[in-house]
Amino acid sequence: MAQIFHRSTNFISRFSLFSAVFLAGLGLVGVLGLARSPYSTNQNVSRAQPVQFSHKHHVGDDGLDCRYCHTSVETSAVAGIPPTKTCMNCHSVLYADAPYLEPIRESYRTNQSIQWVKVHRLPDFVYFNHSIHINKGVGCSTCHGSINQMPLVFQASPLLMEWCLDCHRNPERALRATKDDVFDMNWKAPDNQAELGKQLAAERKIRSTAELTSCSTCHR
Amino acid sequence: MSAGQPPFDSPEISRLTPVLGPGHTYSSVTDKISAIVLTRPTSLGWYIGFLLAFSVFGVLNIAIGWLIMKGVGIWGINIPIGWGFAIVNFVWWIGIGHAGTLISAILFLLNQKWRTSINRFAEAMTLFAVACAGIFPLIHTGRPWYAFWMFPYPSVMGIWPQFRSPLIWDVFAVSTYGTVSLLFWFVGLIPDLATLRDRSTTKAKQIIYGMLAMGWRGSARHWHRYQSAYLLLAGLATPLVLSVHTVVSFDFSIAIVPGWHTTIFPPYFVAGAIYSGFAMVITIAIPLRKAYGLEDFITMRHLENMAKVMLATGLIVAYGYFFEFFMSLYSGNKFDVFLVHQRLHGPYAPFYYALILCNILIPQLLWFQKMRTNVVVLFLMSIVVNVGMWLERFVIIVISLTRDFMPSAWGRYSPTIWDWATFIGTMGMFVMLIFLFVRVLPAISIAEMRELVTETSEEHK
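Respectively, the protein sequence lines represent chains Z and C. 158 is the number that this note's numbering gives to position 158 of the first sequence; each next residue is one higher, with no gaps. 17 is the number that this note's numbering gives to position 17 of the second sequence; each next residue is one higher, with no gaps.
Hint data in this document are derived by calculation from the structure and do not stem from the laboratory. Be aware that one or more of the hints could be misleading.
[As the list claims (entries may be wrong)] Restricting the straight-line Cα-Cα distance to at most 20 Å, the calculated cross-link-like pairs of lysine to any residue (SDA-like) are:
#1 Z/136 - Z/70
#2 C/203 - Z/3
#3 C/203 - Z/144
#4 C/205 - Z/5
#5 C/205 - Z/6
#6 C/203 - Z/8
#7 Z/136 - Z/178
#8 Z/56 - Z/144
#9 Z/136 - Z/207
#10 C/205 - Z/13
[Said to hold, decoys possible] For the chain Z half of the interface with chain C, some residues (derived, Cβ under 8 Å), not all of them:
#11 32
#12 165
#13 166
[Claimed, not checked] Residues of chain Z placed beyond 12 Å of chain C at every Cβ, according to the derived structure:
#14 17
#15 35
#16 51
#17 54
#18 100
#19 113
Computed from a predicted structure; not experimentally measured. Note that CB positions come from ideal geometry on N, CA and C, so glycine has one too.
Let the sequences and hints guide you as you build the complete structure.
This is the structure we're talking about:
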């Protein structure tokens with residue numbers, strides 16, 4: 001009787017056993033990597049806006065405080081997107097005729113809001129509150145990155161749940177001493193951050209890791 | 001079988017009755033079993049049975065499709081009854097899946113020769129039952145496409161599954177059980193697949209069976225390794241027989257719900273699982289031996305032994321029911337006492353009485369050898385026990401959940417058409433897989449039957 005399989009089948013079968021395990025491992029690593037990549041998190045992707053508003057210019061060069069525009073960041077869940085009137089505080093005088101700013105003036109004339117494109121999108125099932133983070137001493141740049149160097153704002157953090165939990169498990173790493181530090185875009189952790197953070201956490205009654213990582217802290 | 005011998009199905013079944021009909025040789029055993037797959041024409045009955053089962057399987061697909069579109073609201077579940085048919089059926093199917101490993105692993109280690117002709121299809125039945133069981137918790141999650149969250153892997157959520165939850169233990173217990181059962185079944189099949197490869201006449205069959213046989217040539221070295229591997233797998237599978245349903249019982253006994261929170265649950269769940277598993281093996285064995293004339297291989301001795309196992313495990317289950325009640329009353333806990341009252345006089349009391357009838361009273365007939373050796377009685381009995389074991393899970397889940405601690409939280413449960421469609425659909429899937437299995441793989445282990453030929457001929461010299 002003739003052989004059913006050619007001699008090479010021996011090699012092919014062994015090789016395919018090996019590569020099945022190898023490919024399965026590689027596939028898993030690939031999927032887990034893809035889930036964390038900017039492709040799925042939109043990290044580092046700049047968004048075009050109706051007016052190419054530069055945070056680099058307004059914050060970095062001019063030195064505006066975050067709260068000049070994002071007025072509700074200390075008291076509310078949302079930081080607040082400024083109304084056109086806030087822009088016009090200055091731009092009714094400065095660059096008042098610049099064609100570049102025509103959408104702003106049009107918005108002001110017609111009383112229609114500018115449709116800014118949202119950059120930091122959290123899922124609806126996450127209850128994020130800006131004010132608690134600011135008031136406990138977590139700085140803007142901890143999550144939003146160096147806004148003062150961004151001509152167009154992009155999402156500096158992955159916004160994955162593991163990223164949230166990384167800080168909720170070790171909040172003392174991100175705690176800053178004063179309000180000025182919180183809004184300081186160039187803040188760097190001092191050398192004694194480990195002790196300072198612990199001390200600040202105790203002073204400000206930051207809750208235990210178990211409470212900070214409890215499901216209902218963020219999913220209500 | 002020659003005409004002069006006494007009819008093999010005579011009631012005088014003793015330990016001396018061989019587990020293989022007389023007069024068989026190596027080649028007659030091989031011929032008879034492999035012919036079912038290779039040479040005998042597929043009967044009309046097979047086609048009719050398969051198509052019927054296949055259409056019921058279609059119902060399952062429609063039910064699951066509708067569920068995915070609409071969500072679990074199409075079922076009869078609602079707070080306080082979050083666990084309805086899905087969990088009843090899950091526990092029922094996973095229980096049925098226990099006989100295969102018990103027969104193939106524990107009876108193998110105990111050197112019980114009578115396991116030989118039933119182990120193959122009992123293992124196949126186990127795999128199919130575990131597949132049916134696995135469907136239910138999966139679709140009960142409501143979003144089955146996220147079911148992989150139950151496995152521990154470095155997820156972007158930065159959290160692990162809740163390892164303190166018995167539901168996660170279930171994931172491990174059932175997936176381990178499924179994997180080991182599959183490996184055990186496949187390793188046992190390898191020499192038979194080689195036999196089928198060698199006896200195939202068409203190129204396609206030779207290639208398919210040849211690939212599955214993984215280069216088996218039947219050399220002494222092959223057999224040596226095969227037997228070591230089989231023994232190791234039997235050793236691995238043995239604790240699983242006890243652990244899987246123990247873990248399933250933890251789903252209930254870890255909770256503080258009245259009627260669930262008892263320490264007797266693990267042993268009596270395991271006994272119940274083996275009880276229903278053997279019932280299902282009998283349900284399948286009787287039509288199988290009839291349809292393919294396998295009375296020489298699956299003899300009365302097999303059926304009687306399985307009936308005895310059913311009787312023994314049924315008594316353990318009865319003991320469990322008794323002590324469930326006794327401990328409730330003895331503890332004096334008012335919620336437990338109330339639950340006993342609810343079982344006996346509540347809105348679901350008829351189910352409880354039907355359960356006692358099916359699981360305890362009717363199976364007492366098995367004390368009589370006349371009943372154990374009557375094929376029709378055994379077949380009906382196996383169906384009754386399977387109904388009874390299903391009722392047991394229904395009673396445990398529904399009565400406890402509908403009568404919780406607070407009267408304001410009480411409720412009622414009734415399944416919808418989609419509950420029934422899913423349940424009956426899995427039965428269709430199960431039967432369909434059995435039909436396919438019998439048609440394409442040897443339903444009885446050829447290699448092990450050949451060993452039996454030597455042993456039985458020596459016994460009767």
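These are the hints, each one checked on the structure:
1. Z/136 - Z/70: Holds, at roughly 18 Å.
2. C/203 - Z/3: holds (11 Å)
3. C/203 - Z/144: Violated, at roughly 65 Å.
4. C/205 - Z/5: holds (13 Å)
5. C/205 - Z/6: holds (16 Å)
6. C/203 - Z/8: Judged against 20 Å, a Cα distance of about 18 Å means the pair holds.
7. Z/136 - Z/178: holds (10 Å)
8. Z/56 - Z/144: holds (13 Å)
9. Z/136 - Z/207: holds (11 Å)
10. C/205 - Z/13: holds (18 Å)
11. 32: holds (6 Å)
12. 165: With a minimum Cβ separation of about 4 Å from chain C (threshold 8 Å), the hint on residue 165 of chain Z holds.
13. 166: Interface hint status for residue 166 of chain Z: holds (7 Å vs cutoff 8 Å).
14. 17: Given that some Cβ of chain C is not farther than 12 Å from that of residue 17 of chain Z, nearest at about 10 Å, it is violated.
15. 35: Incorrect as stated: the minimum Cβ-Cβ distance to chain C is 5 Å, not above 12 Å.
16. 51: Per Cβ check, residue 51 of chain Z is outside 12 Å of chain C; nearest 34 Å; holds.
17. 54: holds (32 Å)
18. 100: holds (39 Å)
19. 113: holds (34 Å)
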